[in-house]
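Order-wise, the sequence lines are chains A and B. Position 13, counted from 1, in the first sequence is what the UniProt record's numbering calls 13; the numbers after and before it change by one each time, with no gaps. Position 13, counted from 1, in the second sequence is what the UniProt record's numbering calls 13; the numbers after and before it change by one each time, with no gaps.
You may find that some hints are simply not true.
A pair holds if it fits inside one copy or across any two, identical chains being indistinguishable in the list.
Claimed, not checked - 20 Å max Cα-Cα, derived SDA-like pairs, lysine to any residue:
| # | residue 1 | residue 2 |
| --- | --- | --- |
| 1 | Lys133 | Asp180 |
| 2 | Lys91 | Val21 |
| 3 | Lys46 | Arg18 |
| 4 | Lys51 | Gly166 |
| 5 | Lys51 | Glu5 |
| 6 | Lys46 | Val105 |
| 7 | Lys91 | Glu169 |
| 8 | Lys46 | Val21 |
| 9 | Lys26 | Glu103 |
| 10 | Lys91 | Asp107 |
| 11 | Lys91 | Ala112 |
| 12 | Lys91 | Pro108 |
| 13 | Lys133 | Arg56 |
| 14 | Lys133 | Ser167 |
| 15 | Lys46 | Pro184 |
| 16 | Lys26 | Glu2 |
| 17 | Lys133 | Pro184 |
| 18 | Lys133 | Leu182 |
If you're looking for bench data, these hints aren't it; they were derived computationally from the structure. In this text the structure is predicted, and so the values were computed from the model without any measurement.
Protein chains: 2
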Amino acid sequence: METVERLISGAQELLWERGYVGTSPKAVQLVAGAGQGSMYHHFAGKAELAKVAIGRSAEEMRAAAEEQLGGAGTARERIAAYLGREREVLKGCQIGRLAADPEVVADPELRAPVAETFEWLRGRLTEVVAEGKQNGEFPETLDPERTAATIAAVLQGGYVLARAAGSPEPFNLAVQGLNDLLNPTT
Amino acid sequence: METVERLISGAQELLWERGYVGTSPKAVQLVAGAGQGSMYHHFAGKAELAKVAIGRSAEEMRAAAEEQLGGAGTARERIAAYLGREREVLKGCQIGRLAADPEVVADPELRAPVAETFEWLRGRLTEVVAEGKQNGEFPETLDPERTAATIAAVLQGGYVLARAAGSPEPFNLAVQGLNDLLNPTT
DNA sequence: GTCTATACAGTGATAGAC
DNA sequence: GTCTATCACTGTATAGAC
């Protein structure tokens with residue numbers, strides 16, 4: 001793997017763990033096995049490297065979600081698959097984590113990929129829910145846009161509760177609770 | 001207001017905005033209008049001051065939640081009141097925010113008040129949902145513990161989506177979506 | 001209790017040699 | 001492209017005077 005790639009994936013890893021504020025160029029160089037001069041040759045500075053790394057993580061998150069949401073099965077099945085897929089719950093969401101970082105939120109260049117990723121996710125979930133409504137899987141009264149936001153929020157909030165607890169349990173409970181509400185035993 | 005109090009509430013403010021990793025003793029002294037020596041006279045260091053400040057924020061969050069959850073009305077009404085109460089959505093949750101901080105999660109002393117606050121909140125919501133079941137407000141099939149986790153997660157995740165978007169809208173959508181699911185128009 | 005002085009590592013970057 | 005040197009600044013304290 002080339003130096004540039006190691007710098008990017010090193011930055012992705014550290015941004016995930018420590019956020020932008022908590023990640024220093026030196027720490028990135030260390031995990032990437034690259035020197036000071038090497039990093040500043042490839043990137044103008046911390047912000048530029050972070051921008052690239054965040055973009056990379058955003059792509060990964062979209063691809064991972066699309067794997068279930070665009071897969072086979074009914075709308076209900078695809079949502080259940082998305083909710084139930086294996087996750088590193090205690091690490092949290094690599095993109096959602098950045099919404100807590102003051103400097104990411106303050107810098108339009110850094111916030112953009114974060115905003116776009118969640119816009120995409122909510123839009124994609126809205127489509128799947130709407131599709132399920134048309135097929136009679138969901139009641140006519142269900143609002144797809146609201147429901148999509150709720151689904152995304154349960155996952156992001158589940159990570160928060162799990163990290164706070166130091167255990168994946170609250171995440172699993174929240175997801176099961178949402179599943180129950182979406183699939184009432186009429 | 002005395003110096004100690006100004007230091008504590010200054011730390012609360014900065015921890016909310018920037019997290020533990022992003023908050024320096026010097027910055028706290030600045031917003032508190034206190035000198036270096038003054039801070040280190042009252043607190044052993046950054047971690048100890050943070051511990052006190054987090055405990056204070058935890059109390060505040062509990063009190064705010066209990067205002068609606070322990071108020072008048074049916075279980076459904078109290079949950080709706082809790083969900084709908086006015087919030088500084090773009091600032092996020094002062095306690096939930098800390099679950100993203102690597103050094104808070106890593107230090108048992110700092111994580112404890114965060115963990116306890118969410119344990120309390122989920123427990124309190126569990127009680128209210130259970131009460132609603134007994135009164136026939138919620139279906140017999142509803143699991144109180146799961147539902148409680150889902151409610152807490154929607155709020156925490158709503159903050160994440162809102163900060164990512166730079167707008168309270170996703171938070172409001174997520175909460176409305178949850179409300180719809182909890183109050184189906186049978 | 002509060003102040004100033006001092007210390008020493010880390011941050012984020014630039015300069016110039018190789 | 002990568003390395004080492006250097007820099008001004010901040011982070012997190014400690015020491016001792018007042």
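Cross-check of the supplied hints:
1. When the C-alpha separation of Lys133 and Asp180 is checked against a cutoff of 20 Å, the pair qualifies both within a copy, at 17 Å, and between copies, at 15 Å.
2. Proximity of Lys91 and Val21 under a CA criterion of 20 Å is satisfied in both settings, with 17 Å inside one chain copy and 17 Å between copies.
3. In this assembly of identical chains, the alpha carbons of Lys46 and Arg18 lie at most 20 Å apart whether taken from the same copy (14 Å) or from different copies (18 Å).
4. For a Cα distance limit of 20 Å, the shortest separation of Lys51 from Gly166 across copies, 18 Å, qualifies, whereas the shortest one inside one copy, 30 Å, does not.
5. Taking the shortest alpha-carbon separations for Lys51 and Glu5, only the intra-copy value of 14 Å comes in at or below 20 Å, while the best inter-copy value is 39 Å.
6. With identical chains, the CA atoms of Lys46 and Val105 are at most 20 Å apart within one copy only, with a shortest distance of 16 Å there and 25 Å across copies.
7. Taking the closest pair of Cα atoms, Lys91 and Glu169 come within 20 Å of each other only inside a single copy of the chain (14 Å); across copies the shortest separation is 26 Å, beyond that limit.
8. Both within a single protomer and between protomers do Lys46 and Val21 lie at most 20 Å apart by alpha-carbon distance, with minima of 10 Å and 17 Å respectively.
9. With identical chains, the CA atoms of Lys26 and Glu103 are at most 20 Å apart both within one copy (18 Å) and between copies (18 Å).
10. Only between protomers do Lys91 and Asp107 lie at most 20 Å apart by alpha-carbon distance; the minimum there is 16 Å, versus 24 Å within a single protomer.
11. Only between protomers do Lys91 and Ala112 lie at most 20 Å apart by alpha-carbon distance; the minimum there is 18 Å, versus 22 Å within a single protomer.
12. When the C-alpha separation of Lys91 and Pro108 is checked against a cutoff of 20 Å, the pair qualifies only between copies, where the shortest distance is 17 Å, while the shortest distance within a copy is 25 Å.
13. In this assembly of identical chains, Lys133 and Arg56 lie within 20 Å of each other by CA distance neither inside one copy nor across copies; the values are 33 Å within and 46 Å between.
14. For the identical chains of this complex, Lys133 and Ser167 are neighbours neither inside a copy (35 Å) nor across copies (28 Å), given an alpha-carbon limit of 20 Å.
15. Taking identical chains as interchangeable, the C-alpha atoms of Lys46 and Pro184 are never at most 20 Å apart, the minima being 49 Å within one chain and 49 Å between chains.
16. Within a single copy, Lys26 and Glu2 get their C-alpha atoms as close as 18 Å, which meets the 20 Å cut-off; across copies the closest is 40 Å, which misses it.
17. Proximity of Lys133 and Pro184 under a CA criterion of 20 Å is satisfied in both settings, with 15 Å inside one chain copy and 15 Å between copies.
18. Taking CA atoms no more than 20 Å apart as the test, Lys133 paired with Leu182 passes in both settings, with 12 Å inside one copy and 18 Å between copies.
The structure fails hints 13, 14 and 15 (numbered hints given earlier, in ascending order).
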